[in-house]
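There are 2 protein chains.
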Amino acid sequence: MYHFFVDKSQIGKDRITITGSDYNHIKNVLRMPRGEEVSVSDGESDDEYRCRVADYTDDSVILDVEFIKKSDVELPAKVYLFQGLPKADKMELIIQKCVELGIYEIVPVAMARSVVKLDGKKAASKVARWNEISRAAAKQSKRAVVPQVSDVISYKEALKKAEELDIVLVPYEMCEETTSKEAFIEASKAKSVGIFIGPEGGFDKTEIDKAMEMGGRNVTLGRRILRTETAGMVALSYLNFLMEIMA
Amino acid sequence: MYHFFVDKSQIGKDRITITGSDYNHIKNVLRMPRGEEVSVSDGESDDEYRCRVADYTDDSVILDVEFIKKSDVELPAKVYLFQGLPKADKMELIIQKCVELGIYEIVPVAMARSVVKLDGKKAASKVARWNEISRAAAKQSKRAVVPQVSDVISYKEALKKAEELDIVLVPYEMCEETTSKEAFIEASKAKSVGIFIGPEGGFDKTEIDKAMEMGGRNVTLGRRILRTETAGMVALSYLNFLMEIMA
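Residue numbers (our numbering), protein chains in the order written: chain P, 65 to 311; chain F, 65 to 311.
These are computed hints drawn from the structure, not numbers from a lab.
Wrong hints could be hidden among the right ones.
Treat identical chains as interchangeable: a pair holds within one or across any two.
Lysine-lysine pairs mimicking DSBU-like chemistry, simulated, CA-CA at most 35 Å apart [unchecked claim]:
#1 K142 / K190
#2 K253 / K91
#3 K186 / K142
#4 K220 / K133
#5 K91 / K220
#6 K206 / K269
#7 K269 / K133
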């Protein structure tokens, strides 16, 4: 069954209207016959609308809502990835994979060792592109929510944002396995979790110190050295495992 | 500290000789002074040789072996990924990430729904390229072992190879979480584990049946739909977590 995101304003009591590129996709590419089942969500709430194609107009598809269910694909916690800006197009892979794995929001952070510096205009177009990738990945994974990729922020701003969360995990080499286990288990029971990932060169020492002062928890992700684009998805996989398989 | 792989024949009692492209890299790119510490392994055993640069000749670097330790970066089990041949260059991402996460061997399998068909000559050059990627990823992650990417085999051959392993996990949608938990925990205590991943279109029904007949264990990887290139690394992450963090 195909899944689509629409704006809240397109959702009526019994009918949903799909316009724009999804209209074109449904009518001319998928050529869906009347009666075909699709699922729809507004990208913000976890309501999933199960519908059938009712009719086509010149610029829209009209769907009949059959029933509404709570989507069961969202993680029980809101997980935020604070990703140190990586080089090249690694951010695209990070977004795609973390959206598949249930991330709630991705926060690109300009860290001390980030090689890439993004300024105003360039940053805005990057962030727009990253949000498109998130939306496409959310559609493919049939997520109820489209995870937001926020603007690029400074480390100081990241700490301030992270402070609001129940627990913040800071993967860092040479960390004790025992305390890591405890931190992951605690995170798997929290309502909001932050994951801090350094860029290619890792965290700067003062960044680690500040994360610890803020209450961050050092964790290990295992005994091998992971690349920056792998670390976030692995930490998120560990939470997936605890929240969905071990629960 | 940089890590290098050498052939067993290059390892002497107290000295190791590095030749070829690594020689060029050490001498002309890294410009390592005498006395610099490096680690070396033969790519097959988990012996890690801690050495110092002793001398340069016209075509080799001579290292003094200071001590030998057992590498602690290998997983306690040999984990084999049986990957249904995916499209395009996805296999490269799969290899890179699974090597980072401690895979022991990657087995590309021509499955019923694999769109890509690889024949003799094309297959050989692909497999050679994939092994190069494995070697580079192993070096970066300072693995003791270079995971082999085997030749592309048929599903029947994959089953035969998998039969020798202690436990085989078969991620498949709509599987019970309870039995998944048990299977993952059992796998985390085994000496050899297989992970079967279908291609983009998923497993064919008869493939699943045959995997079950062979003793494979159905598991879920969570509630979201994962792409073929994500599923293997997520299953392997779950094993990492159990073997290294929860242990």
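Legend entry - Hints that the structure is at odds with (numbers, increasing): Numbers 2, 4 and 5, in rising order.
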